[in-house]
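Listed below, chain by chain, are the residues.
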Amino acid sequence: MIEIQELYKYYGDRRAIGPLSTSIAQGEVIGLLGLNGAGKTTTLRVLACDLLPTSGSVRVAGLDVVEQPDEVRAKVGYLPDRPPLYDDMTVREYLSYAARLRNVPTLQVKKRVADVEELTELGEVSGQLIGSLSHGFKQRVGIAQSIVHGPELVVLDEPISGLDPVQIMEMRELVRGLRGAHTVVVSSHILTEISETCDRILIIDDGRIAWSGTETELSATLKQGMRVGLTLRAAGLSAQATAEKARAALAGLEGVREVEVLEPAEAGEGIASLSVAATTDVREVVCRSLVHAGLGILQLSREKELESMFLQLLGEGQEHAGRKRRKKKQADADAANADAAANKEPA
Amino acid sequence: MRALTIARRELYAYLRSPLGSAIIAGALLVDGILFYFDSLDQKRLSAQLLTQFFYDSSAATMIAGLLLAMRLLAEERQSGTITLLNTAPIRDRDIVLGKFLSSFGMLTLLNLLTIYMPLMVYVRGKVSVGHIAVGYLGLILLGAAVTSIGLFASSLARSQVVAAIIGAAMVGAFILLWVVARAVDPPFNTFFSGLALHHENYRPFMNGTLQFDRVAYYLMITYFFLLAATKVLEARRWR
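Just so you know, the protein sequences line up as chains V and E, in that order. Take the first sequence: its position 243, counted from the start at 1, is 243 in the working numbering, and no numbers get skipped. Take the second sequence: its position 87, counted from the start at 1, is 87 in the working numbering, and no numbers get skipped.
The reader is advised that the hints may include incorrect statements.
Rough simulated footprint, nothing fancy, chain V against chain E, three-plus residues with beta-carbon under 8 angstroms [said to hold, decoys possible]:
1) 84 to 94
2) 225 to 239
Chain V stretches covered by chain E per the calculated footprint, using a threshold of three residues with CB under 8 angstroms from any CB of chain E [unchecked claim]:
3) 43 to 50
4) 99 to 108
Honestly, the hints are just simulated from the structure, not real lab data. Remember, it's a predicted structure, so these values are computed and weren't measured experimentally. Every residue, glycine too, gets a C-beta built ideally from N, C-alpha and C.
Chain E on its own, in the form it takes in the complex (with noise of 0.2 angstroms):
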């Protein structure tokens, strides 16, 4: 319930705040112009343009939610309203719930808005309505990891700054594990291409496969961080 106060307190902010306004902007910008010159491909038949727009979408929704990210507890800790949150009867995970629900729901609304690109595509071409569903849960749940590695490095920085580097810095390294995976022998390539962030693990959500193994992998990349981010809260009070 104290988490929800929480999302609440921090969307608020998001909407508040040029940041929140011009993250989102920027990321339907950038989606929107890269759809257009998608689109102008004639050759491409209508499933290769919507799964070209959920590997574009990809991009900007991983950009975006570490931009969202990076201030959610690096902010509190150099303003010092962190103590307001340390001092309350609130649970150091009921902190981090919180902050990660308003940072993914506010990652969600920009994944929405992009909603009108792959309608045309349904309008005018032909793909199932099971294609987007999926492609959009594989954004969502590529977001919610996302947002929970960037999280993590929050709780890590002092300045936003720093949390932003940090987690791209991870969010990369998760990233490249497929380049990895090329480079070693079995069974170390499948192990690495398992835990790669994007390319194995995203692409059936791109062409419309629902695969519950993916979906696991998400929402474990996701709970651990969270839980990273908790342990780091909790840390800080013993020091």
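Pulled out of the complex, with its shape left as it was, chain V reads as follows (with noise of 0.2 angstroms):
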């Protein structure tokens, strides 16, 4: 659905992205992660046709952004991190007016825009001024804009930038939605997100590809594999006797390489909290390790990771990077030496 090719992006002499290669299947939804300033939203505006390529070659759907930008256009859907909303129309007219520039034919136009209403579920609000609207419903309204013309590849820039917890569950179903019809790129400073409504992440450092795996290749690739959260209770025991009888029973289980007792999540007798850190997936061997030892399971999570990781990614990579200037200015520092030795030696 995307190659993209040694692409570099600059304002002025500053380098925004670059050498940037990657491709992205059909169908699939990407996060597109990074600190501020790595290069995410340029990226995202050149794949929207919004900003065009210093050099390098973007295809989107086997069409050129620059040569066919046109094209790409009309197949491409783009929410910006500020959603491009006229508050001085409603929500239907604005719906409609977004499809009249996209292309979609005049005796179809209303039946999209009821389309996307429901799928959004904007129905209730269709009629109001979108200056009138909350927040959330005005980023409902950007995410509508950018599917009303049916797109293959939907562009979403930060969508739940300044949502409340409701609006986030409420955004991430909807982004989880586009699934399937389109191919789906999204980009999120808030990691844990992209781990939920994501099939692969790439992780974006310095306007160039770090890393791009899933997530659970991600912590292969970090070693540091996965982090279960336990609640235990055992009958007849004190909590620091349930939490001893847990270790004991996880000691030497193949994966789990730590096990931590945490303060107990629960109140009540015999409730023990516990952490296992492991180098692969090891919920299921765990579980049954303890109730094979008799005790009781009243919670297992999946600890999320992925903050550290990414952190941990970054580090490496600024690390490397630092080495790379290190050495860079070492070798300019040895050639100048070897100039100016050159240079005392008589003719």
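Starting from the two chains in their separate frames, assemble the complex, guided by the hints.
Okay, here's the thing in structure tokens:
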């Protein structure tokens, strides 16, 4: 669906992205992750044909963004970090306008607008002025305008920015609902959000793809594995004894690296909480072992470690870049010394 | 076709916002007051009164044209809605054309609403329909030229106020070219007076004389600044 080869984008002398190469298959939901200024928004704007690349090739559905921008734009829906909304229009008027701009045939505009209003649950506010809507509804209208023409690719830049927890849940559902019908590229700085909604993660750092893969692959790459949270109960035992019993049951299990006893998550007799660090997915083995040991499992959850993995990866990247800079400096200094020595030698 | 979609949306925005109504009402008020005082002069012939009307109306048209055009692209950039247009399958020239048509449409509506004044002169005095028609053609062409300059200024700025100032400075410079023409020697004086936005080029229309080179001048100015605004939009994508 998307083929990016050696993409560079400069703002004046400053390199915003590049060299950036990646490919995205049709129907994938991709999360673009990176720190502020890493080049996420610029990459998305190039994909949406809002900006043209300085060099390199970007093809969307086989079409080149520089040579066939109008054809590409017809296949892409874009929600920027600040939704492009006209406060003086009602939701329905705005979506009809967006549909007309994007080549939806006049006779189908009404139906398309009704369909996206239903999908994004905007029906109840369709007659209201956009300026009078809450932030969450405005974000929904932003998504609705990006899919009103049935694009093959939907590009969403920070779609949950500024939303409250309930709105985040709703937005997450909405983005998940796009899966299948569209290829979706989402950027977010809320890292857990990416793992909740995306099939694959692209980590972008200093305008380059620093890493690409699923969360599990990322975890394996960093040899950090996963962390499982447990709340257990053993009848007739103290919390400490329950924890010790669990430790003993889990000791020696393949993949289990470390068992940490935490403050009990619930009040009650014999209740203990633990955190299990593992190199692989050990949830089934852990369950079996605990049940076999006579411990009741009140709760088992996979703890998200994406943020720490992300920071670790970027930390490694920055360290690597620092090492490269130091090497280059040393090489430059050596070359300067060599030149000076050569100049001193008699001809 | 997409240009008409954009033009319709912009016209709708003008009619819904107080800005469009305020500009039209203000310009009509100024036109009406000036016409009233002009008509008090009993010694003036009806043709002279009509000429004076077109002279006064040209000032209101130019100011209204700049005020209507200042928001066209600057407001879209300021509010971020330009992204909707930039990422839709529309050419930049269609965006500029749609914006121009909306503002020009409002300006033409303003000019048409002043028709009652020339009609009074026509009913009570001795003027030809041709004089009125040519005078309005001049106002419309002048309005198109000023709107295109205002649109170009709006493409350069992010703020409407800055766009209005840039536009006013450009229109002012084009008007004052006739002063430059007086100060320089031939053949440059002919060149500068030929480029002056109002003095040499507008006067024949005021008098009811249709000269095709003057029509061509206004059309070329309009085309040039619409093209320049299009190029600014195109260049911004490469930045």
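Examine the segment 99 to 108 of chain V: at least three residues should have C-beta closer than 8 angstroms to a C-beta of chain E. Our answer is that it holds, as 4 residues pass the Cβ test (under 8 angstroms) against chain E, meeting three.
With a C-beta cutoff of 8 angstroms, work out whether three or more residues of the segment 43 to 50 of chain V approach chain E closely enough for the coverage to hold. Satisfied; 3 residues make the cut.
Closer than 8 angstroms Cβ to Cβ for three or more residues is the test here. Does the segment 84 to 94 of chain E pass it with chain V? Holds, because 8 residues of the segment 84 to 94 of chain E bring their Cβ atoms closer than 8 angstroms to Cβ atoms of chain V.
Count residues of the segment 225 to 239 of chain E with a Cβ under 8 angstroms from any Cβ of chain V, then say if the count reaches three. With 3 residues closer than 8 angstroms to chain V, the segment 225 to 239 of chain E meets the three-residue bar; holds.
Checked against the numbered hints given earlier, the structure satisfies every one of them.
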